[in-house]
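Student: At position 104 of the sequence shown (counting the first as 1) the number is 104 in the UniProt record's numbering, and the numbers step up by one without a gap.
FYI, nobody ran anything at the bench for these hints, they're computed from the structure.
Cβ coordinates follow ideal geometry from the N, Cα and C atoms, glycine included.
One should not assume that every hint holds.
[To be verified] Lysine-lysine pairs mimicking DSBU-like chemistry, simulated, CA-CA at most 30 angstroms apart:
(1) K96 - K108
(2) K222 - K181
(3) K241 - K222
(4) K108 - K92
(5) K176 - K188
(6) K271 - K283
(7) K89 - K108
(8) K21 - K87
(9) K238 - K222
(10) K108 - K190
(11) K57 - K89
(12) K181 - K87
(13) K283 - K297
(14) K176 - K69
(15) K181 - K241
(16) K176 - K190
(17) K241 - K89
(18) K87 - K222
(19) K238 - K96
(20) K241 - K271
(21) K271 - K176
(22) K96 - K57
(23) K21 - K57
(24) K237 - K96
(25) K96 - K69
(26) K190 - K87
(27) K271 - K297
(28) K21 - K92
(29) K89 - K222
(30) K283 - K241
(31) K290 - K89
(32) K188 - K290
[Said to hold, decoys possible] So the derived label-pair ranges between C-beta atoms look like this:
(33) W289 - R135: 44 to 52 angstroms
(34) T260 - L318: 39 to 47 angstroms
(35) T195 - D104: 24 to 32 angstroms
(36) C321 - Q79: 38 to 46 angstroms
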Amino acid sequence: MGWDVSFSEHLLTIKLSADGKLVMTLQASTYNEYNLWLGRLFKACGARDLEYFYELKEILGEGAFAIVKLAIERGTEEQCAVKVIDKNKAEKLNSKESLNRELDIMIKLCSIPRPRGGRPIPIIEMREIYDLSDRVYIVMEYMQGGTLEDAMMRMALRTERQVRTTMSEIVAAVEKLHSMKIVHRDLKLKNILCTNANFPLEVKIADFGLSNYVRDGSVALKSHVGSPHYVAPEVLKKDCKYGPEVDLWSCGVVLHLMFTGRYPFDGGTIKEILECVARGDFKMDSPAWKLVSEEGKEFLRKLLTVDIRQRMTASDALNHCWMTSDRLTRRP
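All chains should be modelled from the sequences, with the hints used to inform the complete structure.
Tutor: As structure tokens, this is what we get:
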């Protein structure tokens with residue numbers, strides 16, 4: 001039996017015919033309902049053109065071989081974010097392997113049970129992947145609050161407790177990734193997204209383009225990747241071998257930024273920045289530190305520790321007294 005579909009946007013009708021005979025006419029009552037039915041019909045037929053289902057809007061962000069656009073789901077009018085990856089550009093930049101790994105990681109993250117009610121898992125939720133010959137479309141939830149960097153430019157984190165709440169979500173996401181043997185490798189303010197624009201901030205980790213797997217009992221990652229201000233010192237070594245500890249160092253940089261608005265390791269050039277990172281020396285002598293408890297300072301020191309054997313794990317961080325105590329102490 002051969003099926004045919006005809007539709008009229010003007011009349012809001014969809015007609016199904018079999019062997020030349022009309023079998024069913026669907027009459028939508030609204031344009032949104034028509035779009036919703038049409039989208040579901042295309043999906044049932046195996047259509048893979050993303051624009052059957054989503055209307056792409058303005059660009060939210062850009063990378064070397066990908067852009068992220070705002071999208072509206074046809075029929076439901078729900079806002080989504082769509083990462084559009086150019087396969088040809090990825091191949092020219094020798095990034096095809098990392099692209100395939102990113103897709104694999106995103107699919108694995110989809111398997112995380114999402115709780116109904118209560119706080120969501122602080123990792124961006126992927127909804128669909130459209131893998132075409134020249135492009136890949138990754139449909140994700142849209143985070144209306146923008147990046148954590150955007151949030152900090154709009155308003156300072158006003159209290160240490162607000163900083164702690166945000167940091168606890170970031171570390172909880174890192175702990176979840178590490179439990180799945182995934183190392184993010186590019187944690188930074190721009191890759192932490194906010195569901196809302198006001199306090200209390202609800203944040204989620206995003207962008208797994210540099211992420212990789214690390215196996216049990218091995219420190220097997222060797223690529224010199226990451227962003228200069230956030231990269232861990234062990235990544236800078238000539239014959240580097242590293243593991244999930246690099247994410248905790250990056251958490252420390254993020255925390256320092258939330259406390260002070262400044263990077264702990266900085267310089268006029270990338271070379272100077274990386275030299276500061278390699279030394280691992282930073283000071284807590286600016287006026288901003290007078291507003292931070294002794295527990296908060298100790299927590300930061302245990303993240304920004306050059307010796308990975310002394311650096312906290314994500315589980316250590318979540319159980320640190322700064323995270324768990326109701327009372328924080330300050331020296332006069």
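Student: Now tell me if each hint is right for this structure.
Tutor: So, going through the hints one by one against the coordinates:
1. K96 - K108: Between K96 and K108 the Cα gap is close to 19 angstroms, so the pair holds against 30 angstroms.
2. K222 - K181: Holds, at about 16 angstroms.
3. K241 - K222: holds (5 angstroms)
4. K108 - K92: holds (27 angstroms)
5. K176 - K188: holds (17 angstroms)
6. K271 - K283: Roughly 20 angstroms between the alpha carbons, so the hint for K271 and K283 holds.
7. K89 - K108: holds (25 angstroms)
8. K21 - K87: violated (43 angstroms)
9. K238 - K222: holds (10 angstroms)
10. K108 - K190: holds (23 angstroms)
11. K57 - K89: holds (22 angstroms)
12. K181 - K87: With a Cα-Cα distance of about 26 angstroms, the restraint between K181 and K87 holds, given a limit of 30 angstroms.
13. K283 - K297: holds (11 angstroms)
14. K176 - K69: holds (27 angstroms)
15. K181 - K241: holds (16 angstroms)
16. K176 - K190: holds (20 angstroms)
17. K241 - K89: This hinted pair holds, its Cα atoms lying about 28 angstroms apart.
18. K87 - K222: holds (24 angstroms)
19. K238 - K96: holds (25 angstroms)
20. K241 - K271: At roughly 21 angstroms apart (the allowed maximum being 30 angstroms), K271 and K241 satisfy the hint.
21. K271 - K176: violated (33 angstroms)
22. K96 - K57: Satisfied, since the Cα-Cα distance of roughly 26 angstroms is no more than 30 angstroms.
23. K21 - K57: The given pair, whose Cα atoms are some 39 angstroms apart, is violated under the 30 angstroms limit.
24. K237 - K96: Within the cut-off at roughly 25 angstroms; holds.
25. K96 - K69: holds (21 angstroms)
26. K190 - K87: holds (23 angstroms)
27. K271 - K297: The hint holds at about 27 angstroms.
28. K21 - K92: Roughly 51 angstroms between the alpha carbons, so the hint for K21 and K92 is violated.
29. K89 - K222: holds (24 angstroms)
30. K283 - K241: holds (28 angstroms)
31. K290 - K89: Violated, at about 48 angstroms.
32. K188 - K290: holds (25 angstroms)
33. W289 - R135: 44 to 52 angstroms: holds (48 angstroms)
34. T260 - L318: 39 to 47 angstroms: Violated, since T260 and L318 (Cβ atoms, about 23 angstroms apart) do not stay within the stated range.
35. T195 - D104: 24 to 32 angstroms: holds (26 angstroms)
36. C321 - Q79: 38 to 46 angstroms: For C321 and Q79 the Cβ distance comes to about 40 angstroms; the hint holds.
Checked against the numbered hints above, the structure violates hints 8, 21, 23, 28, 31 and 34; every other hint is satisfied.
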